[in-house]
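Asks: Fit chain B to the known structure of chain A by using the hints.
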Amino acid sequence: MNSKKLWKFFFICPVIIYVSLLIALPLIYILLISFFQSDYYGGMISTFTIQNYIDVFDQVYISVFLKSIFIAGITTFICILISYPFVLAISHKKPRTQKILMTLVMVPFLTNSLIRMYGWLVLLRKSGVINQVLMGLGVIQEPLSLMYNMIGIIIGMVYTLLPFMILPLYSSVSTVDPYLLEASSDLGASKMKTFFKIIVPQTLPGLFNGSLMVFTPALGYFFIVDILGGGKMMILGNLIKNQFLTARNWPFGAAISIVLVLITSLVIIAYRKLGGKMEDLGGA
Amino acid sequence: MKKVILRIEHLKKSFGNKEVIKNFDLDVYEGEFLTLLGSSGCGKTTILRAIAGLDSVSDGHIYIDGKDVTMLDPKYREVNTIFQNYALFPLMTVEENIGFGLKMKKVNKQEIKKRVQEMLELVHLQGYEKRKPKELSGGEQQRVSIARGLINNPKVLLLDEPLSALDQKLRKSMQLELKQLQKKLGITFIYVTHSQDEALTMSDRIVLLKDGVIQQVDTPVKIYEHPNSLYTAQFLGDSNLFQGIVTRVEDNYTWVKVDDATLKIVSHGWCVGDALNILLRPENIKIILKEKKENTLQGTIVDRVYDGASTNLTIRVNKKKINVMYLGNDKLYSRGQSVYITWDIEDTIVLKREAYE
Numbered sequence: 001m002n003s004k005k006l007w008k009f010f011f012i013c014p015v016i017i018y019v020s021l022l023i024a025l026p027l028i029y030i031l032l033i034s035f036f037q038s039d040y041y042g043g044m045i046s047t048f049t050i051q052n053y054i055d056v057f058d059q060v061y062i063s064v065f066l067k068s069i070f071i072a073g074i075t076t077f078i079c080i081l082i083s084y085p086f087v088l089a090i091s092h093k094k095p096r097t098q099k100i101l102m103t104l105v106m107v108p109f110l111t112n113s114l115i116r117m118y119g120w121l122v123l124l125r126k127s128g129v130i131n132q133v134l135m136g137l138g139v140i141q142e143p144l145s146l147m148y149n150m151i152g153i154i155i156g157m158v159y160t161l162l163p164f165m166i167l168p169l170y171s172s173v174s175t176v177d178p179y180l181l182e183a184s185s186d187l188g189a190s191k192m193k194t195f196f197k198i199i200v201p202q203t204l205p206g207l208f209n210g211s212l213m214v215f216t217p218a219l220g221y222f223f224i225v226d227i228l229g230g231g232k233m234m235i236l237g238n239l240i241k242n243q244f245l246t247a248r249n250w251p252f253g254a255a256i257s258i259v260l261v262l263i264t265s266l267v268i269i270a271y272r273k274l275g276g277k278m279e280d281l282g283g284a
Numbered sequence: 001m002k003k004v005i006l007r008i009e010h011l012k013k014s015f016g017n018k019e020v021i022k023n024f025d026l027d028v029y030e031g032e033f034l035t036l037l038g039s040s041g042c043g044k045t046t047i048l049r050a051i052a053g054l055d056s057v058s059d060g061h062i063y064i065d066g067k068d069v070t071m072l073d074p075k076y077r078e079v080n081t082i083f084q085n086y087a088l089f090p091l092m093t094v095e096e097n098i099g100f101g102l103k104m105k106k107v108n109k110q111e112i113k114k115r116v117q118e119m120l121e122l123v124h125l126q127g128y129e130k131r132k133p134k135e136l137s138g139g140e141q142q143r144v145s146i147a148r149g150l151i152n153n154p155k156v157l158l159l160d161e162p163l164s165a166l167d168q169k170l171r172k173s174m175q176l177e178l179k180q181l182q183k184k185l186g187i188t189f190i191y192v193t194h195s196q197d198e199a200l201t202m203s204d205r206i207v208l209l210k211d212g213v214i215q216q217v218d219t220p221v222k223i224y225e226h227p228n229s230l231y232t233a234q235f236l237g238d239s240n241l242f243q244g245i246v247t248r249v250e251d252n253y254t255w256v257k258v259d260d261a262t263l264k265i266v267s268h269g270w271c272v273g274d275a276l277n278i279l280l281r282p283e284n285i286k287i288i289l290k291e292k293k294e295n296t297l298q299g300t301i302v303d304r305v306y307d308g309a310s311t312n313l314t315i316r317v318n319k320k321k322i323n324v325m326y327l328g329n330d331k332l333y334s335r336g337q338s339v340y341i342t343w344d345i346e347d348t349i350v351l352k353r354e355a356y357e
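Protein sequence lines, in the order shown, are assigned to chains A and B.
Quick note on our numbering: the first sequence kicks off at 1 and runs consecutively.
Quick note on our numbering: the second sequence kicks off at 1 and runs consecutively.
Same shape as in the complex, but just chain A (with noise of 0.2 Å):
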């Protein structure tokens, strides 16, 4: 090894380090004790056992599953609702206004999302500030429940991940020559042809690494569902946080996150089988 690999090598230990330490590690760990027995005091006996994986695939289970699922991709699709409009526009802005429009966009990361989340229950509860403009105005007579249910818990997996749909929606869209746009309309395609025909295909690695990073997070973050699911609903982010803090069932725990380890790479593998390529997704 010359000098120069040395070098490299020694710039990307620290990398080298958390991965395997932060990452590879505890997913080793966690994949090992799922495999284990849980005894009734909480503790675990290292006999192997696919018995953890069997009971995931409980009814009961099953169903918090397709619910988080549900969940998560009602929230993914909104989010590329509100996503599209929103760099569109901003990507025809001048250069300067773009910047301070995306900043902002980044602004609510400097506040904790729990006292975010605390926020919105004085939005969205019956005496809240919605409903009680929607009343004043006349709009509707009785006070919408907008939480403690689906609507709330979508409203606030929305409101916490969109930033992270309009990141690599933006530095997918801004890379869309303009003059494609123009010749598209030129040669008589509608606005929506044109965003169907030319803006999405170009922009599908930004789409689809904006929805991955929606989807996934909405399964597992708990706190939402806790807070704006007023505790009533259970998603795959309640159920193994419940295993390990709880029901103190660590290898059950283990399973049920294996599993959804599982689903997000059969969707990576989907996205590359369907001719995606992995450096699109890193570059946002």
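Hint data in this document are derived by calculation from the structure and do not stem from the laboratory.
Where hints are given, some of them may not hold.
[To be verified] Chain B is nowhere near these chain A residues, computed Cβ spacing over 12 Å in every case: (1) P26; (2) I28; (3) L180; (4) M213; (5) K241.
[What the hints assert, rightly or not] Straight-line distance between alpha carbons at most 30 Å, and here's what the computed DSSO-like set of lysine-lysine pairs gives: (6) K93/A with K18/B; (7) K191/A with K319/B; (8) K191/A with K106/B; (9) K103/B with K191/A; (10) K193/A with K103/B; (11) K320/B with K273/A; (12) K197/A with K210/B; (13) K134/B with K113/B; (14) K105/B with K132/B; (15) K352/B with K319/B; (16) K134/B with K273/A; (17) K94/A with K257/B; (18) K134/B with K197/A; (19) K18/B with K99/A.
[What the hints assert, rightly or not] Take a look, some chain A residues computed to stay more than 10 Å from chain B by CB distance: (20) N2; (21) I198; (22) A247.
On a predicted model such as this, the values are computed, not experimentally measured, just so you know.
Glycine is no exception: its CB is placed at the ideal position from the N, C-alpha and C atoms.
Replies: Frame of chain A, contents of chain B only:
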């Protein structure tokens, strides 16, 4: 009388407070190759974009084949644009790119396939159907973009400096090819360029623009040989400028005092005392070794540049530097040599000098 395919009336366009196009009027005839020529920032591209509908206009009207399209969306205008950077759709194949316009018009698949084949043949790109734009050279991309425009059979094809990204040699051959294509199809071309060379080579008519105002509209020959202003004369081709005052007028000839010499020009209603600009093209000046009776100036060769096909001499006459060009590589003249220059009286370009010049 030829049919007017495109009429522009009192077109105005401002960006913010800056008026880029000031009252622009133009008739374009069916089947002609018209060039909008001007230096960058003269508004030529702005006009092209206004015709295509890509930018709105501040005032005025645009008629395509008699129909007012001023407020019409680009997709409803029967014109197509060839963009400077080609603007090919990167994820589509050559075939899909060319067929895009027809697909938008919901033409059936067999018909599109047939027409795309015809177009590929027209631009000599058979066998390229399945390639992606980035697998093509610049010249090939340009052909695809031309085919993509032409397939829609537009009333007018708008070309925005389409050859500027190509190298010199390719540009020359594409110039000829474009011109042939245009003649063959009989489609009206409006071509935007800053290259006088391109304009002279390809156009049926040239519109010379300066600061959003038309300077002259004429055929290449007329605009080169009979420019109507000093700006036109100096924009198209090189020229040597003499400024003088008319001293004597006869029926056929007029004499103009220029510095220390007196030049003879053809009478054209000039009066004694008129201030004139007299222009001589470098290729019209002849070098002789013996003095002639009139229109002869003595000078010294100060520089000599050989560029293959021609030789350019700089000759100092009094304090003025005169450019002379002749074909070939005649070794007869060398630096420092004293020579006489002369020209045919018909080759002089005479323009009345405006007060501000």
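Asks: Take the hints in turn and mark each one as holding or not.
Replies: Structure-based check of all given hints:
no., hint, in the structure
1, P26, "40 Å, holds"
2, I28, "40 Å, holds"
3, L180, "5 Å, violated"
4, M213, "23 Å, holds"
5, K241, "43 Å, holds"
6, K93/A with K18/B, "20 Å, holds"
7, K191/A with K319/B, "63 Å, violated"
8, K191/A with K106/B, "16 Å, holds"
9, K103/B with K191/A, "15 Å, holds"
10, K193/A with K103/B, "11 Å, holds"
11, K320/B with K273/A, "74 Å, violated"
12, K197/A with K210/B, "39 Å, violated"
13, K134/B with K113/B, "22 Å, holds"
14, K105/B with K132/B, "23 Å, holds"
15, K352/B with K319/B, "23 Å, holds"
16, K134/B with K273/A, "23 Å, holds"
17, K94/A with K257/B, "57 Å, violated"
18, K134/B with K197/A, "18 Å, holds"
19, K18/B with K99/A, "27 Å, holds"
20, N2, "36 Å, holds"
21, I198, "6 Å, violated"
22, A247, "50 Å, holds"
Comparing the model with each earlier hint shows violations of hints 3, 7, 11, 12, 17 and 21; every other hint is respected.
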